[in-house]
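Asker: Here is how the chains run, residue by residue.
Protein chains: 2
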Amino acid sequence: MQFLDDYQRIVAEAIDKYTFKDKPAELYEPMNYIISHGGKRLRPIMVLMANDMFDGELEKALKPALAIEFFHNFTLIHDDIMDEAPLRRGKPTIHTLHGVNVGILSGDALLFKAYKFFEDLEPNLFKACMRVFNHTGLLLSEGQQYDINFETKGDVTFNDYIRMITYKTGILSASSFEIGALIAGANFTDAKAIFNFGKHVGIAFQIMDDYLDVFGQQESFGKMHAGDIVENKKTVLYLLAKEHATEEERKELEFWYSKKTDNLDKIYSVEKIFRRTKVDEKALLLIQKHNEIAQHYLNKINVPDEKKKPFIELANYLLRRDS
Amino acid sequence: MQFLDDYQRIVAEAIDKYTFKDKPAELYEPMNYIISHGGKRLRPIMVLMANDMFDGELEKALKPALAIEFFHNFTLIHDDIMDEAPLRRGKPTIHTLHGVNVGILSGDALLFKAYKFFEDLEPNLFKACMRVFNHTGLLLSEGQQYDINFETKGDVTFNDYIRMITYKTGILSASSFEIGALIAGANFTDAKAIFNFGKHVGIAFQIMDDYLDVFGQQESFGKMHAGDIVENKKTVLYLLAKEHATEEERKELEFWYSKKTDNLDKIYSVEKIFRRTKVDEKALLLIQKHNEIAQHYLNKINVPDEKKKPFIELANYLLRRDS
Numbered sequence: 001m002q003f004l005d006d007y008q009r010i011v012a013e014a015i016d017k018y019t020f021k022d023k024p025a026e027l028y029e030p031m032n033y034i035i036s037h038g039g040k041r042l043r044p045i046m047v048l049m050a051n052d053m054f055d056g057e058l059e060k061a062l063k064p065a066l067a068i069e070f071f072h073n074f075t076l077i078h079d080d081i082m083d084e085a086p087l088r089r090g091k092p093t094i095h096t097l098h099g100v101n102v103g104i105l106s107g108d109a110l111l112f113k114a115y116k117f118f119e120d121l122e123p124n125l126f127k128a129c130m131r132v133f134n135h136t137g138l139l140l141s142e143g144q145q146y147d148i149n150f151e152t153k154g155d156v157t158f159n160d161y162i163r164m165i166t167y168k169t170g171i172l173s174a175s176s177f178e179i180g181a182l183i184a185g186a187n188f189t190d191a192k193a194i195f196n197f198g199k200h201v202g203i204a205f206q207i208m209d210d211y212l213d214v215f216g217q218q219e220s221f222g223k224m225h226a227g228d229i230v231e232n233k234k235t236v237l238y239l240l241a242k243e244h245a246t247e248e249e250r251k252e253l254e255f256w257y258s259k260k261t262d263n264l265d266k267i268y269s270v271e272k273i274f275r276r277t278k279v280d281e282k283a284l285l286l287i288q289k290h291n292e293i294a295q296h297y298l299n300k301i302n303v304p305d306e307k308k309k310p311f312i313e314l315a316n317y318l319l320r321r322d323s
Numbered sequence: 001m002q003f004l005d006d007y008q009r010i011v012a013e014a015i016d017k018y019t020f021k022d023k024p025a026e027l028y029e030p031m032n033y034i035i036s037h038g039g040k041r042l043r044p045i046m047v048l049m050a051n052d053m054f055d056g057e058l059e060k061a062l063k064p065a066l067a068i069e070f071f072h073n074f075t076l077i078h079d080d081i082m083d084e085a086p087l088r089r090g091k092p093t094i095h096t097l098h099g100v101n102v103g104i105l106s107g108d109a110l111l112f113k114a115y116k117f118f119e120d121l122e123p124n125l126f127k128a129c130m131r132v133f134n135h136t137g138l139l140l141s142e143g144q145q146y147d148i149n150f151e152t153k154g155d156v157t158f159n160d161y162i163r164m165i166t167y168k169t170g171i172l173s174a175s176s177f178e179i180g181a182l183i184a185g186a187n188f189t190d191a192k193a194i195f196n197f198g199k200h201v202g203i204a205f206q207i208m209d210d211y212l213d214v215f216g217q218q219e220s221f222g223k224m225h226a227g228d229i230v231e232n233k234k235t236v237l238y239l240l241a242k243e244h245a246t247e248e249e250r251k252e253l254e255f256w257y258s259k260k261t262d263n264l265d266k267i268y269s270v271e272k273i274f275r276r277t278k279v280d281e282k283a284l285l286l287i288q289k290h291n292e293i294a295q296h297y298l299n300k301i302n303v304p305d306e307k308k309k310p311f312i313e314l315a316n317y318l319l320r321r322d323s
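Protein chains in written order, with UniProt numbering: chain A, 1 to 323; chain B, 1 to 323.
Keep in mind that the hints were calculated from the coordinates and are not lab data. Backbone N, C-alpha and C define an ideal beta-carbon position, used for all residues, glycine too. Possibly wrong hints are sitting among the right ones.
[Said to hold, decoys possible] Chain B is nowhere near these chain A residues, computed Cβ spacing over 12 Å in every case: (1) Ala12; (2) Pro86; (3) Asp280; (4) Glu281.
[Stated by the list, open to error] If we take Cβ atoms under 10 Å as the criterion, some of the chain A residues that face chain B in the derived model are: (5) His78; (6) Val100; (7) Val102; (8) Ile104; (9) Ser106; (10) Pro123; (11) Leu125; (12) Phe126; (13) Leu138; (14) Leu140; (15) Ser141; (16) Glu142; (17) Gln144; (18) Tyr146; (19) Ile148; (20) Gly227.
[Stated by the list, open to error] The calculated DSS-like cross-link candidates involving lysine-lysine, where the alpha carbons are at most 25 Å apart (straight line), are: (21) B:Lys63 with A:Lys116; (22) A:Lys233 with B:Lys23; (23) A:Lys192 with B:Lys116.
Using the sequences provided together with the hints, build the complete structure.
Answerer: Here it is as structure tokens:
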């Protein structure tokens, strides 16, 4: 999409401009390393999109947009340590290259840099953004802890799951939009509406992620087929299946999810229950539901329809990856 | 000291009052655990002292004072992981009890809570405090990284060392005082003066810590004698000794600091060089120098002498522990 490319170029240039030159290099080079590897940088783009929606100045939103990207990378550095992930965006993770200590510390420092990047805003706006930012950080930590808890918790419910993905994925998109809107001077109602748009697109995106793991086209998605089943992850598919399974199927699901194996029998058996309980359809309906809620909030915002088009395109882009 | 006891009671009551009741418990209980174990809680007390110096309201300074304590404990949780420390204030560290992941995450969440505890301040003051707080966080991260670097860096200089302890110890005391002063409405000059008072007391305190490791009375100090020598720590004593040693002594020092052992020969030999180069006297002179700089800044502050008394008593208390 052209507008995404344009925003991506703006963000990339800003990241280049603000490359950390601070010392000690042992602390700052890992920070530059992870930020320079990019990814799609959707969150800073969300800040800029919302800022444009309400006719804000690019200059004013640019450093806060980077702050969101720094924040996101702070969470990635720490999450990668927790998940013992060797790779991120195809490159070795920071703790793999430099050890856990540098991972913890450069993550912390990146978070402080993120906070500092709001300091050009005038006090009222600064405080409004900081409230959103602090709240986001706390909910993200809580979401990550819920996710960790789920690994050993037997009785995860569908509501537990929705809260977890809301905290882990929905809130940061939501806050990115809200901060962009606040910086542009949007009123409280509109800022909350674009927050809720982002939240529900984020939730829908995460459900799509779970869906595609099993029902996506492997080639275009670029991840191992059914990796979540292998890892016994309590995804939306698993939780919906448990809910709608027969007693016998539920026992079979629990049996397979007590073993960590990429045995094809396991994948085949679990997928069979998934199809039998129609969780593929149910997941798609959920995605549609959250997309509709997102659109509902978008509709309520008091700007010309033309201004909303990129948001609809972004949601479509995020939710139709290859399905 | 009576006034310290009084402040300690106020802080303890506030900590009780604001015990985290949030969920998930797996995230918040470790935070309550480390905070409830206390320690002397000097940093929140510094906030309250500076607030009182400029006739601020206790109610207004209390949550920011707790924020400083939360921040301090966030650094302790992460530092303990990095140092693989089994104990903190005589109790098992969080990562020892709950694993490194919970340590990283509850540290992060505690930092976000610290930020949130400033949110009751009006926007101008909020922003002024956040600038101090963000800067402090960044310098502390840098100081911790310098400290880690020193373990493997051969040519650590005296100036490197002073910067490291300034960032690791001086800045947080300094900022605690400054934030207390800002909340009370002190002007910029006075707030900077009390910042600098705290910075130099902090530096002097850290040098005293190095001094007492070798020259303190073991019983009252409560730490292993010469633990820094055993650990090959590049303390002020080591750096001054290297500077003032003969070529032969310097080689001997480097020889011993290439071995990690509690061999008494090592401790005896190193201490002999320390005494020969008179680093004990030099360290005491440095402590005196930084204490004098601190007093110089205190003198400049435009409040009645009576208001300065607790600050002088605090500095004396910190710097004369058992020497």
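Asker: Each of the hints needs a verdict: does it hold here or not?
Answerer: Verification of the hints:
1. Ala12: 24 Å, holds
2. Pro86: 16 Å, holds
3. Asp280: Correct as stated: the minimum Cβ-Cβ distance to chain B is 30 Å, above 12 Å.
4. Glu281: 32 Å, holds
5. His78: Holds. Min distance 5 Å.
6. Val100: This interface hint holds because 7 Å falls under the 10 Å limit.
7. Val102: 8 Å, holds
8. Ile104: 5 Å, holds
9. Ser106: Given a least distance of 8 Å, the restraint on serine 106 of chain A holds.
10. Pro123: Interface hint status for proline 123 of chain A: holds (4 Å vs cutoff 10 Å).
11. Leu125: 9 Å, holds
12. Phe126: 5 Å, holds
13. Leu138: Constraint on leucine 138 of chain A satisfied, holds at 4 Å.
14. Leu140: 9 Å, holds
15. Ser141: 4 Å, holds
16. Glu142: Given a least distance of 6 Å, the restraint on glutamate 142 of chain A holds.
17. Gln144: 6 Å, holds
18. Tyr146: Holds, because the Cβ-Cβ distance from tyrosine 146 of chain A to chain B comes to roughly 6 Å (cut-off 10 Å).
19. Ile148: Holds - the Cβ of isoleucine 148 of chain A comes within 10 Å of chain B, reaching about 6 Å at its closest.
20. Gly227: 21 Å, violated
21. B:Lys63 with A:Lys116: 21 Å, holds
22. A:Lys233 with B:Lys23: Holds, at about 22 Å.
23. A:Lys192 with B:Lys116: This hinted pair holds, its Cα atoms lying about 20 Å apart.
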